[in-house]
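Colleague: For reference, the chains in residue letters:
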Amino acid sequence: MSTIERPVVPEIDFQCSPPRGAPGESFFPRLDELREAHPVFRSTEAQGYWVFTRAKLIVEVMQNPEIFSSSASVPPTQPNPAFTWIPLMLDPPEHTKWRRLLGGWFSPGRVASLEGGLRERCRSLIDAVADKGQCDLIDDFAGVFPTSVFLQILGLPPTELRRYLVWEEAILQWDVEIDPDFSKATQAMLDVQNYFQGIIDLRRNDPSTRGDDLITASLEWEIDGEKIPDKVLKNCLLLLFMAGLDTVTMQISFMFHHLATHPADRQKLVDDPTLIPRAVEELLRFYSITRAGRKVAKDVEFHGYSLKAGDMIYMPLVFAGRDEATCPMSNQVDFEREPFKNYAFGAGPHRCVGAHLARRELIIAIEEWLKTMPDFRIPDGAEIVQHAGQVYGLDSLPVQWDLPAGR
Amino acid sequence: MKLVVDQKRCQGHGICLGIEPSVFVLNDDGYITLDGTFDVAPGNDDKVLLAVRCCPEQALDTVE
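Protein chains in written order, with my numbering: chain Z, 1 to 407; chain U, 1 to 64.
Keep in mind that the hints were calculated from the coordinates and are not lab data.
Computed from a prediction, not measured in an experiment: that's the story for all the values here.
A few of these clues could be false.
Below, computed lysine-lysine pairings styled on DSS-like, alpha-carbon distance capped at 30 Å [said to hold, decoys possible]: (1) U:LYS8 to Z:LYS56; (2) U:LYS8 to Z:LYS227; (3) Z:LYS132 to Z:LYS371; (4) Z:LYS308 to Z:LYS298; (5) Z:LYS298 to U:LYS8; (6) Z:LYS56 to U:LYS2; (7) U:LYS47 to Z:LYS231; (8) Z:LYS308 to U:LYS8; (9) Z:LYS56 to Z:LYS298; (10) U:LYS8 to Z:LYS97; (11) Z:LYS268 to U:LYS47.
All chains, full assembly: derive it from the sequences and hints.
Modeller: Below, the structure is given as structure tokens:
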């Protein structure tokens, strides 16, 4: 009798959201080591979960929601979460209904119609710092540009941004050290939902607060011919709030950190701005900040691995982006490489609904910034600290540049 | 060369639209309107092949 050869699955002391490292440390080298060493491993954190590091498996998981459910997602240490982010934690066919409601707000056509306003907003932020010769890229630019656009789409007052960012930080910049049992993040989610209840009530009771915005429109949304209960609607607004206020900010931060520390790459874009859309794809691939999670819905043999119903799977998308199967020399940044399949926004039905808006914002941010501050750099002695959170990010990013003569 | 589109695989990444909007027509929600096998106009071969290579969902293919 022959025995089936099973791949060895190592058990590894791996945390999905490790505490902040020392200044200058990055999470990516450790992730590279793990990816190079193991196609699949088991984390011993919490109840234990699978970690897949190959693009092929990650994409297959994301494309097969009937086996790999989103009912529990991230963090993978929460297999029975006390919250439901809509539509991120729904499976088809429920998920599909929500995506139809949201799709039009973030479609390629809609994003194209926002182009002028996006560029104007970006320019005004750049003009506000250009003469100073230095700024904190996150406080003054990356944390404001995409977020203010997003608040406008939702119909939330931009004057409240700082308050929103406190909540958003508690939920998304969570790690095992500052919030070991996820209770602070859970509380912040409740606070955001209570806040949204107030906004919903206001829109309903006072017509003058209604506008051409997503929250106003959402009051009329129907699923299966029925209006959506507030409790459910708030789970969707909560997700939009989280996804809209952190991801593009942190993606811009990693991109600008790369450009500030790789002058030859930066110069390529200054010399030929038509390369910027390709550079954005490449930097999205190389610095994919998002991680996906799924819960196994039924016992299944998957590429030789015995997955049991209820098992959690964790998939940092940077594993897919840096997999050699995705593109040749995948461990290097190359703005001139042949186009490739980009998994930075995920795949399958949960492909990031904001991807078109995010891409546009990332392109505009680099185009406009390099027009005015082509030679920016990180000052000597600056301490750059990464956080893992729900998406990888930087705490701050001080940058400086030479003022043109006469300014 | 012919383009083969498996519409049910499309997840609206919109990469193909960015490569050649005259071929890859999307609906208002950003998903592809094509389904089936289509002739590729002369001169569009390279763009179609590029879109096939870049579609993250393997929704596009070509046949001779």
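Colleague: Hint by hint, note whether the structure agrees.
Modeller: Okay, the hints, checked on the actual structure:
no.	hint	verdict
1	U:LYS8 to Z:LYS56	holds, 20 Å
2	U:LYS8 to Z:LYS227	holds, 28 Å
3	Z:LYS132 to Z:LYS371	holds, 16 Å
4	Z:LYS308 to Z:LYS298	holds, 6 Å
5	Z:LYS298 to U:LYS8	holds, 24 Å
6	Z:LYS56 to U:LYS2	holds, 26 Å
7	U:LYS47 to Z:LYS231	violated, 46 Å
8	Z:LYS308 to U:LYS8	holds, 28 Å
9	Z:LYS56 to Z:LYS298	holds, 20 Å
10	U:LYS8 to Z:LYS97	holds, 16 Å
11	Z:LYS268 to U:LYS47	holds, 24 Å
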